[in-house]
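Visitor: Place chain V on chain F using the hints.
Number of protein chains: 2
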Amino acid sequence: MHFELDPRLEKDAALLGTLPLSQLRLMRDARFAWVVLVPMRANVCEWFDLAPPDQIQLHQEVMAVAQKLKTLSVASKINIGALGNIVRQLHVHIIARHEGDACWPGPVWGTPMHAMAPHEWAERVQHMQVLLR
Amino acid sequence: MHFELDPRLEKDAALLGTLPLSQLRLMRDARFAWVVLVPMRANVCEWFDLAPPDQIQLHQEVMAVAQKLKTLSVASKINIGALGNIVRQLHVHIIARHEGDACWPGPVWGTPMHAMAPHEWAERVQHMQVLLR
Chain F
1 MHFELDPRLE KDAALLGTLP LSQLRLMRDA RFAWVVLVPM RANVCEWFDL APPDQIQLHQ
61 EVMAVAQKLK TLSVASKINI GALGNIVRQL HVHIIARHEG DACWPGPVWG TPMHAMAPHE
121 WAERVQHMQV LLR
Chain V
1 MHFELDPRLE KDAALLGTLP LSQLRLMRDA RFAWVVLVPM RANVCEWFDL APPDQIQLHQ
61 EVMAVAQKLK TLSVASKINI GALGNIVRQL HVHIIARHEG DACWPGPVWG TPMHAMAPHE
121 WAERVQHMQV LLR
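Protein sequences appear in the order of chains F and V.
Be aware that the first sequence starts at 1, since it is given in our numbering, and climbs by one per residue.
Be aware that the second sequence starts at 1, since it is given in our numbering, and climbs by one per residue.
If we strip away everything but chain F, and leave its shape as in the complex, we get (with noise of 0.2 Å):
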């Protein structure tokens, strides 16, 4: 079996890039600056079953996008999660929040996403091409 992207995450998030292990895809939020990695492997739904190196790889590329999200976003925290209660494919989010935003101090999982219009949302994806560097 080869690695294939779930609709809903193809639909819900553009790719940005690739990392060795994972897709980095943003969400099309306008709420937020919100990504999510997806390693390149089939079938795997939880993060231990990812092969053991996969798994401390999956580990380094969410620290280093992170990182990097906080700095570019001036996030007040940011905060990642592995849900996966509706898209079993395994995702990992990062997402950057800010005090007072439009969730806060909840999570952002499980609310609606607010649309972007299309140039908007081109910018965005060329701004956030910095998290691949």
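Calculated directly from the structure, the hints in this document are not laboratory data.
Quick caveat: nothing in here was measured; it's all calculated off a predicted structure.
Some hints here could point you the wrong way.
If chains are identical, the list can't say which one is meant, so a pair holds when it fits in one copy or spans any two.
What the hints assert, rightly or not - Below, in silico cross-link-like pairs of lysine to any residue (SDA-like), each with a Cα-Cα straight-line distance of 25 Å or less: (1) Lys77 to Pro53; (2) Lys68 to Asn43; (3) Lys77 to Glu4; (4) Lys11 to Thr71; (5) Lys70 to Pro52; (6) Lys77 to Met40.
Guide: Just chain V now, with coordinates in the frame of chain F:
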């Protein structure tokens, strides 16, 4: 500075025991098998604020506990989250989720916890000791 537990974590979660880096604590919530790992390091908010070897150690402790919790609870999905919007001291949530549970398929964070009778609570603390082995 030495490690001091945030009083809200002390109140909301009972100590099950310690791993090399972290306290393992059980949340006082009747709805879920829900634990938190709290690294015993002072002044750490973000996972990437830990020294790099501690970052990996925390990751390994999260993986080990998550895998045991999934087996113990026969969970549909494990949810892992490091939020910290309210309690800033670094702590990682690991929650056994079941299809149709009280928050399914949403996150558990930000919803009111359900208290337990003291005997029920003591039993659960006993039952969960296996996560340390």
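Visitor: Checking each numbered hint in turn, tell me which of them this model violates, lowest number first.
Guide: Per hint list: single violation, 4.
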